Each structure stands twice: as structure tokens, then as C-alpha cells.
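**Q** Below are the chains, spelled out letter by letter.
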Amino acid sequence: MQPERPISPSSLSVKDLRWQILWDKETCTLCGKCTAVCPVNAIELGVFRKRLIEPPVGFLEPPGNITKSYYGVRQKTDPAYACVGCAMCNMVCPNNAIAPMRADEVDKLRFHLDRGGQPRRRGGRRNVPGVLLDRLKFIRISMLTDPALDAGRHEFELRTLLGRVLPPEENLQHIREHGWIPPVREIYPLVIGGMSFGALSPNMWEGLQMGVAYLNEELGMPVRMSTGEGGCPPRLLRSRFLKYVILQIASGYFGWDEILHAIPEMKEDPCAIEIKYGQGAKPGDGGLLMWYKVNRLIAAIRGVPAGVSLPSPPTHQTQYSIEESVAKMIQSMSMAWGFRVPVYPKISGTSTALAVLNNLTRNPYAAGLAIDGEDGGTGAAYNVSMNHMGHPIASNIRDAYLTLVKLGMQNQLPLFAGGGVGKTGNLAANAAALIMLGASGIQTGKYIMQAAAGCLGSESDRCNICNIGLCPKGITAQDPRLYRRLNVDDVAQRVVDVFLSFDTELKKIVAPLGRSTSLPIGMSDALGVDDYRTAERLSIKYVV
Amino acid sequence: MCRLFAITSKEPLSPMVAVEALNVMREGHDGSGVGLFLRDLSGPFEDLKDAPILSGIFSEEGLKRLDTFMMDVGFMTKYKISIKVPKTPPPGVPRRDIYLIRAYEYPEEWEGLSREDLHFRLMTTRLQLRSMGEQKEDMIVFSFWPDVIMLKEIGDPMAVARHLQLDRKELRARVLMAQGRQNTNYAINLYACHPFFIQGFASMTNGENTAFIPIRTFLESRGFPGYIGYNSDSEVFTHILHYTTTRLGFGIEAYKHIITPLQDGDIEKHPNAEFLRRLKQTCRPLIIDGPNCVIGCLPDGSLFMVQDRKKLRPGVVGGKPGMFAFSSEICGLDAAIPLRDKSRDLQPMYLDTAVVGPDRQEVRLCSQKDPLALPR
Numbered sequence: 264m265q266p267e268r269p270i271s272p273s274s275l276s277v278k279d280l281r282w283q284i285l286w287d288k289e290t291c292t293l294c295g296k297c298t299a300v301c302p303v304n305a306i307e308l309g310v311f312r313k314r315l316i317e318p319p320v321g322f323l324e325p326p327g328n329i330t331k332s333y334y335g336v337r338q339k340t341d342p343a344y345a346c347v348g349c350a351m352c353n354m355v356c357p358n359n360a361i362a363p364m365r366a367d368e369v370d371k372l373r374f375h376l377d378r379g380g381q382p383r384r385r386g387g388r389r390n391v392p393g394v395l396l397d398r399l400k401f402i403r404i405s406m407l408t409d410p411a412l413d414a415g416r417h418e419f420e421l422r423t424l425l426g427r428v429l430p431p432e433e434n435l436q437h438i439r440e441h442g443w444i445p446p447v448r449e450i451y452p453l454v455i456g457g458m459s460f461g462a463l464s465p466n467m468w469e470g471l472q473m474g475v476a477y478l479n480e481e482l483g484m485p486v487r488m489s490t491g492e493g494g495c496p497p498r499l500l501r502s503r504f505l506k507y508v509i510l511q512i513a514s515g516y517f518g519w520d521e522i523l524h525a526i527p528e529m530k531e532d533p534c535a536i537e538i539k540y541g542q543g544a545k546p547g548d549g550g551l552l553m554w555y556k557v558n559r560l561i562a563a564i565r566g567v568p569a570g571v572s573l574p575s576p577p578t579h580q581t582q583y584s585i586e587e588s589v590a591k592m593i594q595s596m597s598m599a600w601g602f603r604v605p606v607y608p609k610i611s612g613t614s615t616a617l618a619v620l621n622n623l624t625r626n627p628y629a630a631g632l633a634i635d636g637e638d639g640g641t642g643a644a645y646n647v648s649m650n651h652m653g654h655p656i657a658s659n660i661r662d663a664y665l666t667l668v669k670l671g672m673q674n675q676l677p678l679f680a681g682g683g684v685g686k687t688g689n690l691a692a693n694a695a696a697l698i699m700l701g702a703s704g705i706q707t708g709k710y711i712m713q714a715a716a717g718c719l720g721s722e723s724d725r726c727n728i729c730n731i732g733l734c735p736k737g738i739t740a741q742d743p744r745l746y747r748r749l750n751v752d753d754v755a756q757r758v759v760d761v762f763l764s765f766d767t768e769l770k771k772i773v774a775p776l777g778r779s780t781s782l783p784i785g786m787s788d789a790l791g792v793d794d795y796r797t798a799e800r801l802s803i804k805y806v807v
Numbered sequence: 021m022c023r024l025f026a027i028t029s030k031e032p033l034s035p036m037v038a039v040e041a042l043n044v045m046r047e048g049h050d051g052s053g054v055g056l057f058l059r060d061l062s063g064p065f066e067d068l069k070d071a072p073i074l075s076g077i078f079s080e081e082g083l084k085r086l087d088t089f090m091m092d093v094g095f096m097t098k099y100k101i102s103i104k105v106p107k108t109p110p111p112g113v114p115r116r117d118i119y120l121i122r123a124y125e126y127p128e129e130w131e132g133l134s135r136e137d138l139h140f141r142l143m144t145t146r147l148q149l150r151s152m153g154e155q156k157e158d159m160i161v162f163s164f165w166p167d168v169i170m171l172k173e174i175g176d177p178m179a180v181a182r183h184l185q186l187d188r189k190e191l192r193a194r195v196l197m198a199q200g201r202q203n204t205n206y207a208i209n210l211y212a213c214h215p216f217f218i219q220g221f222a223s224m225t226n227g228e229n230t231a232f233i234p235i236r237t238f239l240e241s242r243g244f245p246g247y248i249g250y251n252s253d254s255e256v257f258t259h260i261l262h263y264t265t266t267r268l269g270f271g272i273e274a275y276k277h278i279i280t281p282l283q284d285g286d287i288e289k290h291p292n293a294e295f296l297r298r299l300k301q302t303c304r305p306l307i308i309d310g311p312n313c314v315i316g317c318l319p320d321g322s323l324f325m326v327q328d329r330k331k332l333r334p335g336v337v338g339g340k341p342g343m344f345a346f347s348s349e350i351c352g353l354d355a356a357i358p359l360r361d362k363s364r365d366l367q368p369m370y371l372d373t374a375v376v377g378p379d380r381q382e383v384r385l386c387s388q389k390d391p392l393a394l395p396r
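Just so you know, the sequences run in chain order A and B. FYI, the numbering for the first sequence is 264 to 807, going by the working numbering. FYI, the numbering for the second sequence is 21 to 396, going by the working numbering.
Please note that the accuracy of each hint is not assured.
As the list claims (entries may be wrong) - Straight line, CA to CA, 30 Å or less: simulated DSS-like cross-link-like pairs of lysine-lysine: (1) B:Lys331 <-> B:Lys362; (2) B:Lys98 <-> B:Lys84; (3) A:Lys371 <-> A:Lys296; (4) B:Lys289 <-> A:Lys530; (5) B:Lys69 <-> B:Lys104; (6) B:Lys289 <-> B:Lys331; (7) B:Lys289 <-> B:Lys189; (8) B:Lys289 <-> B:Lys330; (9) B:Lys100 <-> B:Lys189; (10) A:Lys371 <-> A:Lys313; (11) A:Lys313 <-> A:Lys400; (12) B:Lys84 <-> B:Lys30; (13) B:Lys389 <-> B:Lys362; (14) A:Lys278 <-> A:Lys371; (15) B:Lys331 <-> A:Lys400; (16) B:Lys289 <-> A:Lys506; (17) B:Lys331 <-> A:Lys770; (18) A:Lys313 <-> A:Lys331; (19) A:Lys771 <-> B:Lys330; (20) A:Lys770 <-> B:Lys289; (21) B:Lys104 <-> A:Lys770; (22) B:Lys30 <-> B:Lys107; (23) B:Lys107 <-> B:Lys189; (24) A:Lys770 <-> B:Lys189; (25) B:Lys84 <-> A:Lys771; (26) A:Lys804 <-> A:Lys771; (27) A:Lys400 <-> B:Lys330; (28) B:Lys84 <-> B:Lys156; (29) A:Lys371 <-> A:Lys400; (30) A:Lys278 <-> A:Lys296.
In short, the hints are calculated from the structure, not lab data. As the structure is a prediction and not an experimental result, all values here were calculated from the model.
Turn these sequences into a full structure, and let the hints steer you where they fit.
**A** So this is what it looks like as C-alpha cells:
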């Protein structure tokens, strides 16, 4: 039998798609909310024909049938409109009549997502479930000889230092001789990692900033947030809240014209300057803000025309090596704020991280190093970059710490670890494990998006459309019709909830280990893992 | 939990005073070992104040190697105490050939060395001997320093003391420190036994040091050859004391600011706020976190006691002019100095450092909230 329509190579059936819409005719009210809310127009009103056979009773009349039509929801099979599994249809459905289900086999859609020769680009995450950090256990529990501390009642001081810390002898000498002592910030060890204004919607960004301000001013928790590469709203630059912000400069220099011009009017110094050289989700690739999201507001803050894609170059164009970056860029940025602001680079996890680190140890102005592992998230990247490029964070941070130990500089150059921390929901446990491997602090982005704003992404390729500005929750959308779904105050409230619960969990981890007066950086004797090779690689205990 | 006892007295005392004090506190230790530190010695050592004294345990073979080594360096024996022990040690005490206490005359080439160089060489000589002993397991070296004797052995403190006949005149000293050991997380190794010693500084600790690994890592990476060992997590307390004093130039009042710095809120109110903030940052890896009571002795013969940040361990200081003792428990203090004004006993709290100076006239209590003397 001939098909009704010609079959092209990219003709797919619903079965071939990654997500299949299950729709229940019985409970559907035909209200149309699902088709209206679908961010990718994967479903539409369907008019279906149905033949009804009506065999009469007895033999007097011949068998007959009638054909009727009914209305319902039809899933499109064109790859351009493939369901992304966000399940907003289910969220808005009054009768729970519709929901996407993951295909039971590897989809065929993936072979057809490169129309026009454009490989798949998306936002989100690596889509690999599970993370090594979850397998690291805290094994050094204080027992009878020295009872564990009380996470609820004892005093805790779990802050970290961001900035170059001089070794004790040199520091005292500088104090005595009134020499220059590099700026050091005492901050909360969990930092909201760089998510730009542009990648995030205005409501999301404002909510994060409000939450951070509340944590600092009302709860005394010195939480800091990196701007990502997208500049900073002018009013924030000129407000006292700037001290809670880490300004990021990256290879596109977006927004830095505005920032530099605001320096004379700044009431406070920013917490720090982060020079982004790489990102865990798309290592060796520059930032990417696709044209969908570059509206007039974003364009104004970034100092670019509206409606054009903004791919940052993979490297800083004014230099050709990280050595030169270290020498010039760190110094220039330090100089811009009179050497009062810590300046540190952020790189993606890589097997060459130690070369960068060794270089930084010789630069007296380098205030730290942030390393972003392969499980980091992004607002937009090529699929191949996210899935196949990068380095896991655990061994990278461990090697970096042990290198510093060898040089005796483990307290001088703080390491910040990011990339997949809290990927499966275990934020505090993952963070504590990285700290004990040698990180001074943790950067997290995706977890905050999920917990503070309800991001729908998961490790099974769900949603992941941050790049095209259609975020159904309004987190990464730049269309007011979408981002007004996100209430600024609610985001702020959730940010506070996340940090408070993180703080309690962190205490619940360190108290049984007998730690409370300082962050257990490099306390590797507390860690164990059930895999011998991993234990050996990370120089921690093998436990079974 | 171990038990600690230290006493400083105008009149020389027998080491048995300290061992007896440990004995009354024996509920708190399991008799798995004892360590003794004696300073400001009397008797034959009274006139040998400058001669370095080597303390350790040697096998016959080890002793021969020691003699060869020391002669090669140019050391001449000036005086020695021979402890002849019965052939059969008491139960739990291992059989040893020689408990050595020997005072030396400096090699001629060492004359004219600066004080610092001399101290450095004394330390490296001890470390060399330790390393030699570890290779062949024939020497254990505790200290090599003028006017200092150390003894350590496995076994019940009282049984060990009787076995070694510690109640002898030659061993009388004006400063005694003793620890009754509770063997817990580390195998019995005499290098894990308190008190620990480095270049004139000694300390002993009660409790576990939960921040041991980061502290050890930091000390080991200072590039100072004496910062090794760490068979016990408590050895770092001695080395931090040494580092604070010799490398950073602080007095004992700053020790507590290094190991248990004030919380940020308290630092803000402190007269040296800016300095303490910097100090806390730069010495962050030396912050201890365990429940600990540290009793130590400085090169000038001062004794001190500090507690951890939460004051989770017992510790009391009391006495009378001319004689003061530091003890884990009051019963230990009572045993050593029964006739004293008990109302003046002190239990240093979480901010305090209690010091009895070499004059032994009073207990000086300094709080972390007091202004701090800046380093020399």
C-alpha cells in the first residue's frame, strides 16, 4: 500500500521521536491549554476521522457503518517540532490528560537534528546520569574517643577565602613594613556560578540578586554570585549591592564598556573579577547567546545590536596564550580597581589545568583559580561540545590541590570547583567532597536554576532549550510573555531556602567529622570510595 | 582520652611526682604507655646546662652505631646515666637493651656557630639518628637538646617508672611533663607517644585532632626538615608552637590565635582587629578543630595550657608560688600539690592561655580578647 504522504529520509513516526505524547481522549477537556503552552509547538489541535461499525441486530437490515470525526491533540513528527519532554502540557492540563513519555529505545530523531547542515545546539547539561562525587563517602566519623560535634547547637565558621593569601612569614613582613597585601574576601563557600544577564531572564537574574542580598544583609551569609559574561545592569553597578557580585569578563567582553565607565561612580568594589577562559560545558568554545534572546534590553547592557547571535571567541583575542593573559589581563583588571579587588581566572576542566595553575602560582596578582568540570551547564552550546568535551572535576581539582601542596602554596591560591556539583540533588555532599579533595569553594549554577526556579532539565535530555529563549519556566527566556511566569520574589525566597538548607546539610556532614571552626579544605582522610582505582587516583581511602 | 600532668617547681622533683599524679588519674588512660619530659635538671646535669643531652632507647647494636656516628661528627660524651633494668620487664613492657641519657660536648667545629645554626644542627643530628634507627630498628631517639631529658615507654606508667627506677637522684628536675597514654587510633609506636619535642619546644595533648591531615600537609610543605614524623596527630601541636614562635616571631599569647582564632564577630571588636584578620587568613591551615587540651613547655622553661575553641577537654592549673602544676584532672593536681589554695585553681576556658613563667610565681592568664603583642 502506498503511504498517504511521500516518505522523505527525515520522515519520522511518533515512535521514532525521543518524547512521545500520551493523550487521553476520555479525560481531555479540549481546553487547548497544552497546545498553547508548548514551547516548541510539538502538539496541535488534531481533527481525527473515525469509522464506526454498526452491525444491526437480526437479519432484516444489512450491516452498515458511519464515519465520524473528533477533536484532539496531535503530536507533530517533523524534527523541527519534536517534543522536548518539558511536560508543560501536563502542568497546565486541568485533567492530567496529557504527558510526554520517554521513548523506550534510542530515538531516530537524533540523526535528523542537523537540518541545513547546522549541528544540534542546545542548552542544559551533558545528559549523563550519575556522578562520581555521589560515590565519595565521608568515612572519618568521630566516635567514642572524641564524640561528634552537634550540627544544631555548636558554633560553626564555614567560610572560605577568595584572594591571594600570602604565606605567614611574608604576610607578617608586609604588615610590618606596610607593604601591599593582596585583597582577600571572606565568603560563603558556595558561590552562584556565572550565568549571564541574557542567558537568564531579567526576572531570574533579579530574583537571584535579591536572594543573595537577603542572605548577606539579613542572614549574615556572605554569599556571592558571578555575573557570567553579559555585563551587569547599570543600577546594580552603582549600588552598594555590587560587593556581593563577582563581575565576569570573557572573550566577548560583553558589557565591559558599561562596567568600566561605571567605575568612577561605584559605591563599592565588586567582590572579585572572574576572567573566563573556559567553561566546563563547552570547553575550548566561547560563550554563545543565540539571536532569539538578544532583545533590546540585552543588547543595550551588552553594548551590541539587537537580534544577532553573540558567539564569544574561544580565546581572548588580544592575546595568544594563557601566560600572557595571566601577565596582562589579571594585572590590568587589578589596576582598574586599584589592586583592591581579587582577580582570578576560570578555566574549563582539562588535562592542562596544572600548567595554568603553575603559571598562576608565579603571578603575585592571581587571586585563585576556578575550574569548571565537564558536568557544568550552559545556556547554549553545540551538542557535541557538551557531550564529548571536557574533564571530570574530581581528579582535576585533586591534582591541582596536590600540586599546590607540593609547592607549599595550598593556602595561598584558592581553588574553586564547579561542574555538576549537586547534579543529582546532593549539593552539600558533592560540595563537601570537593572541598575535602582540596577546593576552597564551590560554584554551582544548574542546581540553583532547578531549585530556585524550577528548571525542568534532567539528565535525560529533557527540555534543554535554554538556547532559543523559549524556556517554558521563564528562566532563560527573554520574551516577557514567558519570563513573567517567574515571580522575582519567589525566586529570591527559593535562593534563601537553598542556601539555608545547604548550610544545615554542610554542618551535618562536617560535624560528625569533628570539624566546625574552619572549612575542611584538603581533609582527604575523611573521604572513601568503593572503587580501588578511583581511591588510588584521588589519594583517598578505598572502602568496601 | 589521655591524661596529662606537668609541674614546675623551684626545688627539683623526682619524675615519680608526675607518674604518681598520672596514677591517680588512671581511669582516664589505659596504661598503654607513658612519656616523660624533664627540663631544668638538677644533680649531675646542674653543671652541664649547655651540653646537649641525647635521650632514647638503643639496642646493643644501635649503641655501637650511635657511638661511631657521634664520634665521626666530633661529639664527646661528657656524662651518662646508665639505667640498668631487670632482665624481665613487667607485663606489657617490651624488653630493651639500653635506655640512654647521655650528655655530650659539642664538636670543636661547632664552636662559634650562631645560636640558630647550632639549634639547627642539633635538630638535624637528632633527625639523622632517628632515620638511622628507623632503617635498622635499633635506635629510638626522643630528644637531643641541652638541659632536656625525655623517656618514653609502652606499658602502665607506674610499672614502667618502677622498672626504669625513675626515683633516682640524677633524674630530678624542676620542670616535669608526663602523659599517660590512651592508645586509640594509632599503632603503638614510641614516636607516637607524647610529649613531642622540637628545638626546645615540647607539648603534649589530650584528644583527637580532626584537622590533622591539612595541618600536617601545611607543615610538611614549609620546607623545614624538623617538620616530619607525625606518627601521632598531636605532634602538629608542638610543631605549630615551634613555627609560631621561631618562624613567625610570636610570643606564647599568639599560639591560641593561630590554632583557634577568634570568630569574625569577635575579631571585629578586638583592638588588633585588622592584624588578627590577616593572621587568621594566612595561618588558616593551622587551625585545629579537635577537642584538645594542650600543655607545653617553652625553651625558657615556661609551662602553658590552652584548650580547643569549644573547651571540650578537662584541664586545671593550680599551686603556690614556687610550685605550680597543670593537670588533666583535679585529683592529679591534688596528688602533686595537696597544700595549696584550691580556691585559686584555674580551669582555662576557650579563650585563655594559662602560663607559668620560669620564675614560678604566678599563673598568668591571657585571653584572646586581650591586645596582642605583635611579632618581634
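**Q** Sort out which numbered hints this structure fails and list those numbers smallest first.
**A** Result: hints 7, 11, 12, 21, 22, 24, 25 and 29 break, sorted rising.
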